[in-house]
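Based on the sequences and whatever the hints tell you, model everything.
Listed in order, the protein sequences are those of chains A and B.
Note that the first sequence covers residues 87 to 355 in the numbering used here.
Note that the second sequence covers residues 318 to 933 in the numbering used here.
The set of hints was computed from the structure by calculation and includes no laboratory data.
Do not rely on the hints blindly, as some may be mistaken.
A few chain B residues facing chain A, derived, Cβ under 10 Å [stated by the list, open to error]: (1) Y758; (2) G769; (3) M773; (4) G786.
For every residue, glycine included, the Cβ atom is placed at its ideal position computed from N, Cα and C.
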Amino acid sequence: MSSGEPLLEIRDLDVAFGGLKAVNGLNIQVYEGEIVSVIGPNGAGKTTLFNAISAMVPVTAGDILFEGSSLLGLDPNQVTSRGIARTFQNVRLFTNMTILENVMVAQHCRTKRGAWGALFYTRAFRSEEAEIRAWGEKVLGFFGSRLVGFRLNQPASVLSYANRRRLEIARAMATRPKLLLLDEPVAGMNPVESAELTRLIGRLRDEWGFAIVFIEHDMSVVRDVSDRVIVLNHGELLTEGLYADVSMDPRVIEAYLGQDTIIEDAITS
Amino acid sequence: MTATLPPETGAAGASAEPPLAASRPALAQDWRRLVRMGAVGAVAQVFIALSNMPVRLDERVIVKPVLSLGYLTLLIVPFAAGHRVGHQIKREGMPQHAAGAHEVAGGAACGAVAGGGLSLLAVLLANFDLREPLVNWSPMLAELLAFGNATRFAVVIWLLIGAAVGALGGGLRLLGPRTRRAVVTMALAVGGAAVLEPLVVDLAEGMRLEALTDRLYARRGGINWTSALGLAAGSGILAVLGRGRIQQARAHIAELEGAQRTRTNGLLILATAAVLIVLPLFAGKLTNELLANVGLFVLLALGLNVVVGLAGILDLGYVAFFAVGSYSAAVLTAATSPRINPELPWLVALIVVVIITGLVGLFIGAPVIRMRGDYLAIVTLGFGEIIRLIFLSDWLSGWFGGSQGITKIPGAGIFGLTSVAGTDPRRVFYLVLAFCAIAIYVSWRLERSRLGRAWMAVREDETVAEAMGINTVNVKLLAFVVGAILGSFSGAIFANKVGSVFPSSFLILVSMVILVVVIFGGMGSIIGVIAGAALLIGVLGGPKQPGLLQEFSEFKLLIYGALLVWMMLARPEGLIPSARRTRELHQEEFLQDAWLRGEVDTDDGNGAEPEATERS
Ligand SMILES: Nc1ncnc2c1ncn2[C@@H]1O[C@H](COP(=O)(O)OP(=O)(O)OP(=O)(O)O)[C@@H](O)[C@H]1O
Ligand SMILES: [Mg+2]
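Encoded structure:
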């Protein structure tokens, strides 16, 4: 699978906040159809990496290539229309919009009817609205019955924490991306829920064809679903490879032990 | 129909309220709170008195021999203080005390303290001369306060009046919900009839029903006290018989779905349109003038609502587009325009006006829209002034006439059929009505489109909206331009209605008034904005336009300000809010209600594993 042109290629990426180098000389490739997890202690620069890819923080040096062309200088919305969608570590839904509206609005860059269509209520406008709705419902349907039915027209604020995380993934899926960036998708979920979401991540690749990069602290999720693991520490690439190899790497264990031992059990088990 | 009405829909948590405890004894007051509130009332009283409102508004009679608008401004404060002081904070699980003598006594005491402010003022008026700093420190005020008697009388009477009115305010809490509704309806009926007097008289003349209004109103203004009693009794009876049927019907309509809902809405819109079309036929010049003014502000407010209410861009310089619309219409249609005077027919000119204003919107919007929050508001404020100063400048006076403005603008010709000029306010109103309909349609359609959703997302979280693929700059700019164009309609009508444009018609104050209308009515709610304009502009009047209460003209801004503050405290979502806005501002209450209805999903370790969906 990991052959040919990479889908996403990060070259010598530096992101600095003042004197702090949150990402430092990073080189990463992600290939089509891959599930890559990014791990590393708190403050390692994982979220900053996502922010740099999605153009939400300025890049200090280096380059980010997606399908062979650079993403530097693009606005976040342009990155999304190129085919990269993301979720946020601290869930950021449009809480006062309904669940359906959340996934409908995310299709903005894939649709085009403007003010005229809406004003004259043209056939093209109506059929596009129907398509937007249908795609939204389909995406929500991926999570079983939780986000559909009577929930469709309820504001996102009524959802439970786990369902908010699911809706955020659905919203990212609705943008029809090629690459999905998930920032700690199972954080705050119980073991049953996180096991289920782990399976869903696998299905997102198998059934929907997304390449997926996800940040995760829960090592059982990383173990179960990732093809490759990237370890960051102090903004630098510590190591990368298969989970089995990475988890045995003394540098990785040390990096984690140096911080705290949330995942010690998972690593040694 | 009536048989299927659902039971009265109360607050969602009504059944969960704890039982009432016994009422408290009359003297067990929280004296500190009582005196504090009374003192605030006293200060307010003195402030109102020294603002000269009572003296100036004394001419406007509400109920013939007993009550004038001037005295009403003085009575309202002790009433409100007396009512407010009996307010109990609801605490979860704590019993509420039943209302009783305690409330009346507290209200009376609090009202007396508030009234005491005026007693004190009367003494000061009699003994000192502070005319120098306080222009309204006048014998007229002293006389008004003393009802023409000695100062001693004023001191006693205002304590008594304060106590009595405060007791009434507190006593309002003793009434059950039904009685209270009846009392409020009665007050509204009498007050409404008094406020609407010019309108009702005018309409009655048009319909040849003078006999009726002659009986209702006294010859020199004000409702006859006998008719006031009759009106109160009648409306009270209606309220008791009606038993909240209107609310039930509203709730019923809100629950309708699909085609039925559409049909009911269509009928309601048709009925409203019919009334608005027929009404002016019977109305005289004054009423039509008023309607036209209100319509112009509805149009402006609808335009600003797209910008502020839908896209969440706080534009404090909206008057710029009104000005550009007015001036370009003037230049294009008036023969007297200094530089170019193509004398286009109004409708043709309007197309050009829309294009020009749209471009100006883009031009102003492009740099402004990249800013956020407070910065954006300040910059729009600046642009609003800049546009006015440009029209005022000597530099461009060869084009726009500087402070002389452009005069002798002809009426708006419609297909050569009719000409709509200010001399015939009825036609102006119809023209405004047509454009209001367009503005309503535009905001309604856009809100329910891809663009409207994008605006909503931008309003909620601009960063995330951008990350979800929305070109926030573009969609915000589009909101700005749509708002500008709607504002230009109003400007073009205004120029040809008034027949002249001057820079002084486009003060920053106009922006503020429109914004207050939108906020007061309910941001993002079309009906709210219309109601807000009707109430504020229709009753109090616009920046330069008189309303139904013409006497208010010099106190208009004071009252706007007070209303705005009160609204922000009591009902920040506005008079008739959009459901979404209410949700935004009352998320906690909303969630609580949803929880009581069992709609919040608590958690779902039980969640069924979703079935496989094949990729399309
Ligand atoms: N916008 C910013 N401005 C300044 N410093 C920042 C900013 N964003 C992140 N940082 C800093 O960059 C470093 C990396 O932060 P980042 O959020 O990427 O860590 P992380 O690996 O996602 O950690 P966690 O596991 O806690 O989510 C931290 O020291 C953080 O304080
Ligand atoms: Mg992070």
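Violations among the numbered hints, reported as their numbers in ascending order: Of the numbered hints, all hold.
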